[in-house]
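*Asks:* Given only the sequences and the hints, what does the whole structure look like? Please build it.
There are 2 protein chains.
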Amino acid sequence: MARPTIADIADKAGVSKGAVSFALNGRPGVSDATRARILQIAEQMSWRPHSAARALGASRVDSVGLVIARPARTLGVEPFFAHLVSGLQSGLSARSISLQLLIVEDTDAEIEVYRRWTSEHRVDGVILVDLTVKDPRIEALRALELPAVVIGGRGGKGALASVWADDRDAMLSIVDYLAALGHRRIAHVAGTPNFQHTQRRIRAVRDAVPRLGLLDAPSLTTDFSDAEGAATTRKLLSQANRPTAIVYDSDVMAVAGLGVAMEMGVSVPGDLSIVAFDDSILTQLMHPALTALSRDTFEFGRQAAEVLLEVIAEPTKVINLRTADPVLTVRESTAPPTP
Amino acid sequence: MARPTIADIADKAGVSKGAVSFALNGRPGVSDATRARILQIAEQMSWRPHSAARALGASRVDSVGLVIARPARTLGVEPFFAHLVSGLQSGLSARSISLQLLIVEDTDAEIEVYRRWTSEHRVDGVILVDLTVKDPRIEALRALELPAVVIGGRGGKGALASVWADDRDAMLSIVDYLAALGHRRIAHVAGTPNFQHTQRRIRAVRDAVPRLGLLDAPSLTTDFSDAEGAATTRKLLSQANRPTAIVYDSDVMAVAGLGVAMEMGVSVPGDLSIVAFDDSILTQLMHPALTALSRDTFEFGRQAAEVLLEVIAEPTKVINLRTADPVLTVRESTAPPTP
DNA sequence: TGCAGGAGCTATACCGGTTTATCACTTCAG
DNA sequence: CTGAAGTGATAAACCGGTATAGCTCCTGCA
Numbered sequence: 001m002a003r004p005t006i007a008d009i010a011d012k013a014g015v016s017k018g019a020v021s022f023a024l025n026g027r028p029g030v031s032d033a034t035r036a037r038i039l040q041i042a043e044q045m046s047w048r049p050h051s052a053a054r055a056l057g058a059s060r061v062d063s064v065g066l067v068i069a070r071p072a073r074t075l076g077v078e079p080f081f082a083h084l085v086s087g088l089q090s091g092l093s094a095r096s097i098s099l100q101l102l103i104v105e106d107t108d109a110e111i112e113v114y115r116r117w118t119s120e121h122r123v124d125g126v127i128l129v130d131l132t133v134k135d136p137r138i139e140a141l142r143a144l145e146l147p148a149v150v151i152g153g154r155g156g157k158g159a160l161a162s163v164w165a166d167d168r169d170a171m172l173s174i175v176d177y178l179a180a181l182g183h184r185r186i187a188h189v190a191g192t193p194n195f196q197h198t199q200r201r202i203r204a205v206r207d208a209v210p211r212l213g214l215l216d217a218p219s220l221t222t223d224f225s226d227a228e229g230a231a232t233t234r235k236l237l238s239q240a241n242r243p244t245a246i247v248y249d250s251d252v253m254a255v256a257g258l259g260v261a262m263e264m265g266v267s268v269p270g271d272l273s274i275v276a277f278d279d280s281i282l283t284q285l286m287h288p289a290l291t292a293l294s295r296d297t298f299e300f301g302r303q304a305a306e307v308l309l310e311v312i313a314e315p316t317k318v319i320n321l322r323t324a325d326p327v328l329t330v331r332e333s334t335a336p337p338t339p
Numbered sequence: 001m002a003r004p005t006i007a008d009i010a011d012k013a014g015v016s017k018g019a020v021s022f023a024l025n026g027r028p029g030v031s032d033a034t035r036a037r038i039l040q041i042a043e044q045m046s047w048r049p050h051s052a053a054r055a056l057g058a059s060r061v062d063s064v065g066l067v068i069a070r071p072a073r074t075l076g077v078e079p080f081f082a083h084l085v086s087g088l089q090s091g092l093s094a095r096s097i098s099l100q101l102l103i104v105e106d107t108d109a110e111i112e113v114y115r116r117w118t119s120e121h122r123v124d125g126v127i128l129v130d131l132t133v134k135d136p137r138i139e140a141l142r143a144l145e146l147p148a149v150v151i152g153g154r155g156g157k158g159a160l161a162s163v164w165a166d167d168r169d170a171m172l173s174i175v176d177y178l179a180a181l182g183h184r185r186i187a188h189v190a191g192t193p194n195f196q197h198t199q200r201r202i203r204a205v206r207d208a209v210p211r212l213g214l215l216d217a218p219s220l221t222t223d224f225s226d227a228e229g230a231a232t233t234r235k236l237l238s239q240a241n242r243p244t245a246i247v248y249d250s251d252v253m254a255v256a257g258l259g260v261a262m263e264m265g266v267s268v269p270g271d272l273s274i275v276a277f278d279d280s281i282l283t284q285l286m287h288p289a290l291t292a293l294s295r296d297t298f299e300f301g302r303q304a305a306e307v308l309l310e311v312i313a314e315p316t317k318v319i320n321l322r323t324a325d326p327v328l329t330v331r332e333s334t335a336p337p338t339p
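Chains as they are written, first to last, in our numbering: chain A, 1 to 339; chain B, 1 to 339.
These are calculated hints, taken from the structure and not from any lab test. Mixed in with the good hints, there may be bad ones.
Any copy, or any two copies together, can satisfy a pair, since identical chains are not distinguished.
[Unchecked claim] Using 20 Å as the maximum straight-line C-alpha spacing, the simulated SDA-like pairs for lysine to any residue come out as follows:
#1 Lys317 / Pro193
#2 Lys235 / Asp271
#3 Lys12 / Arg154
#4 Lys235 / Ser219
#5 Lys235 / Met264
*Replies:* This is how it looks when you write it as structure tokens:
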């Protein structure tokens, strides 16, 4: 016989289906002797619960979802999502909960997916990434009563659980480092302005100006693409008083910026220091290798998974977990400015 | 009332559950008038099938799986998987079938996942990537009777369906191009030797030697990492009769190779031409931008999804779909050799 | 007029678990 | 000795669909 059911086990053990269910789920209602016997038979028949049957009776599905709303073209270059997904799975696999991954075009499509998942009972909860200012997904999820955890930002008015790193401190550590090297004219090539973390980073740079006695520290927003990263760099380096250091909000933009500098005959790190806010193999493949801020994205994902499971078990719970601070990995692209 | 069920619809329409099921699934058994009325009521109550309930009655789960057995660290750098996943989803979403994605450490773990998925009825079929010579997964899947489609290689002795591109022709187009430029000493930095596509590419290079009158065309295998790509390049460029062109099996290795060349004072494309077998944003960010072989991975995924659905519907069917040939995108890293 | 056959629908079993009501039996307090 | 409480189990309902046997008309044809 293929795939044994609890009825088969019940037959073999000479007990009822109910008893088997109790035994397999570790709940009271059977004696220790009977429980042991049932467990042994189940093991021997290599029984596994039929996920659909379980989802039907109870309301849990043992599955959580992650929707990424970005054009596929821009995905995959940064290892961020690959690491995040691995970390999530590591946190989920302990309780053999599966992860549904979906890549969609925009936020509207993402919300539509949440609707569908909810009505089809496909997931117990979801993970939110790329939080924007006044993010419409927060309200949508609350309306659906779908448990969720926000990654990389606070979950609105204490509503959704969140797992986040301190972007502000991280940015300050970069600016402090550059200032300590002697840089006074620093520029910041930022990401999409409506992302929350972009705003936090911009604010951090601005606030550091008076404290460190910087002459200037403009933040220029982009769409995170290599094209805009390059264009913005070209603009910055063409100025009369060009910056002696540039901080990029992503590794891809930093690499593009390095290319522009080389093209314009600006030597790195001689005439210009470059720092990437995100680390990846990309920054290490360059010549010179880029100084970058490294985060433990895998661990980030693991923690997010744990928080999500807690929220699913207890939806009223409010968790805001701050993860380990990212650290600056100094490589060859930063040096004191030439006087 | 939350989540309406077909019983609710049946009540409202004044018919039986069975009639509603017939109507919603477009099967005969109800009149057109009744069908229209039921569909309208379902629409108005915004009914969606409960995926678990459906999976329980019928045997399909409307979900397929993709397991990637690679260390997470090496994932995500290449956009290959992001594009593949997007393409798969595009092919699946038409019939609202979801994709389970799992990243594991090695092939043993991967096979274990297939076992679990089968016994828990979590997927209707799976997609196989990174096919190796004498791949143990083929036999495992056959034993489990789990429908599958192999990506990028033939499915063994006509057993599994497959979707593949012609690596041989692709490699020949690269070597032909380099030979036409005048190169006679070409090297090939290959990937993991036990991957089927690696072997096909090596064979293609070897077979081209006499036809094109090449002096030499060694293939050196690596583990696909940037480190081994760099080390192999260093070895090749230190030889007495060093090659005038190098073909790399991945974009990451090509970039690493470019770095080594720059470091050794070998100018590209002046002293050395470089071609990457895989294209991505990486190759375009470099200076010089790398000539690379571009594949439509998204389309590849879409087709794989379609084939998988066919195989699920008809497990005995044998499909071997050859996809569009990859094309060579010529950029700045290739030129005729200096005499 | 009788009957075969099909369209249109209902009632019901079923999928594989979980949960609840119930019951037999033991134990212990009064 | 009786009643109450507790233990270990069972039978049956239930979750939300799908599949199927069967029933009631209606039509067509001999």
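*Asks:* What hint numbers does the structure not satisfy?
*Replies:* Numbers 1 and 3 - these are the hints that the structure violates, sorted from lowest upward.
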